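Chemist: Spelled out, the chains give:
Protein chains: 2
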Amino acid sequence: MNSLAPSCGANRANTFADWMIAVQTQTENALARSLPAGEAIPNRLHQAMRYATLNGGKRVRPLLVFAAGDLTDAQPEQLEIAASAVEMIHVYSLVHDDLPCMDNDVLRRGRPTCHIEFDEPTALLVGDSLQSLAFELLARDICKESASAARQLDMIQLLAHASGSRGMAGGQAIDLDSVGKSLNQPELELMHALKTGALIRAAVLLGALCGSPLSSEARDALDRFAKRIGLLFQVVDDILDCTASTATLGKTAGKDAAADKPTYVSLLGIERARELADDLRTQALEALDVFGERGQRLIELTDFITHRKF
Amino acid sequence: MNSLAPSCGANRANTFADWMIAVQTQTENALARSLPAGEAIPNRLHQAMRYATLNGGKRVRPLLVFAAGDLTDAQPEQLEIAASAVEMIHVYSLVHDDLPCMDNDVLRRGRPTCHIEFDEPTALLVGDSLQSLAFELLARDICKESASAARQLDMIQLLAHASGSRGMAGGQAIDLDSVGKSLNQPELELMHALKTGALIRAAVLLGALCGSPLSSEARDALDRFAKRIGLLFQVVDDILDCTASTATLGKTAGKDAAADKPTYVSLLGIERARELADDLRTQALEALDVFGERGQRLIELTDFITHRKF
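These protein sequences, in sequence, are chains A and B. So the first sequence is residues 347 to 656, counted in the working numbering. So the second sequence is residues 347 to 656, counted in the working numbering.
Excised from the complex, chain A in its bound form:
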């Protein structure tokens, strides 16, 4: 294990910045290996899948998978499969959300969106195929000796539920319905708990599931953390959408306000949205108390998510 390898278990001597780069690199390499080669038939589809997935993104969900894996001494080989699966689901959702019939966006991660660089039918198939591949990956020999096939089925069920109509896709449906409407805070929270929160929660729980079983007390605490961090991520996203520039974000800034979509900022104003982010950060960190120093990377990630600028 070189000095940039992700920390696992006791090896938490690296700085957070080093650890983050190491996880991002490991995830990028794992994704590159798991995606079909660009030369494999059908070439254009496979090239588009690689274009949409590789070379970009903060990889927040993979970072959460790896950080949560610290809590249960999970092995990096298993974490990188779980991280790849959850990131593929995330990327498929971005590709479909950017389509003309949804958000009709042309810029993503600082580059033309998939349907602009390729074409609309290809982008549709890229999303569809990334979703299949995520489940194919998780059904493979991720757990080998150290965890049971039953645990693997739990992971597949968790990710499938978080992705579907009672998770991410359902949140997107509520989002579509909400354009031009005024939602109250509980309604906005339900939308985001599904749209962004479900997959972020799944990333945290999947990471922990890669290692030894947690006590039911620890599992409850982790789930509390996972829900708070999902909401925190969205509140910060809404703040950035109205304060950061398109160049910094790598995606079109201000588009939620322009589309008359309800956000935490439009509901609460920028100051109270910032206070809400602080409260959620505090609650998330409290939930991690039970894990002691094993929770170090999750604590650091919580601060990173709170203070990120893009």
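I should point out that these hints are in silico values taken from the structure, not numbers from a laboratory. If you're wondering where the values come from, they're calculated on a predicted model, not measured in any experiment. Even glycine gets a Cβ: it sits at the ideal position worked out from N, Cα and C. Be aware that one or more of the hints could be misleading.
Unchecked claim - Covered by chain B, per the in silico footprint, the following chain A stretches (three or more residues, Cβ under 8 Å):
#, region
1, 388-402
2, 467-474
3, 510-516
4, 519-531
Using the hints, position chain B against chain A.
Modeler: Same frame as chain A, but now just chain B:
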């Protein structure tokens, strides 16, 4: 078990027509139970998922799942989960294929397509959510006591691979690329082996996987059958597309020819396409020899697929 219950194991006394109706009914009921209720939030998405999935279709893939289950004494409770999962993947592909950016079709199973009855973004999310739900279903307690979690993982892997870029979605990508091009027979076969064949093959193998393990000789024979029946289905589809009416098909007839898509009929002419269908039928039936009378439903289904009029 009433007289219309699907035959399992020794119970093959029903006529084929009775058996078919019983399997279709059981599949319809299982799908209705597995889909979220139309009143569950987000209502519109769930209503659209039910609209696209229920009340329609020949349910060819579920019929193949149940017929193949006869070979391994599979239990109906397990077969109906596998049948629902494979049918959800099929329905998701229809909903996405009908979208304006793909085939832009307005009629499916005799009714307005999903994006016509609802709207385009909802139809996109319907397809996405049905795919997630298929894997969620398969990861549940399908096998309980009688089959192992490892077998369940095999089933998920099989269905995910058959759905993705090296299966159904990949075939659709080749199809898109082929418009206006002249493909030779091997190229056309590769396209259909992926686009239609992969999921039909998966249906057959999933059905058998629900029961006792097959010998490697029997598994090879079943795979040979599964590949032939997939191709046969497509050749007959191409013949019907240019000979049957829109009213009979319940979907727009003649659209492949109108879209200048290569088909077996455009490549071989109608007579040679019919000869090819006969040859494939013979080869499919030969592959079933090894199963003796347990293969009865698969034999009958092969004839049904060959001689169907819609």
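Chemist: When I compare C-beta atoms, does the region 388-402 of chain A have three or more residues closer than 8 Å to chain B?
Modeler: Holds, because 5 residues of the region 388-402 of chain A bring their Cβ atoms closer than 8 Å to Cβ atoms of chain B.
Chemist: For the region 519-531 of chain A, count the residues whose Cβ lies under 8 Å from any Cβ of chain B; is that count three or more?
Modeler: Our answer is that it holds, as 4 residues pass the Cβ test (under 8 Å) against chain B, meeting three.
Chemist: Quick check: the region 510-516 of chain A, covered by chain B? Criterion 3+ residues, Cβ under 8 Å.
Modeler: Since 6 is at least three, the answer is holds.
Chemist: Within the assertion that chain B covers the region 467-474 of chain A, do at least three residues meet a Cβ-to-Cβ distance smaller than 8 Å?
Modeler: Our answer is that it holds, as 6 residues pass the Cβ test (under 8 Å) against chain B, meeting three.
Consistency with the previously given hints is maintained throughout, with no hint failing.
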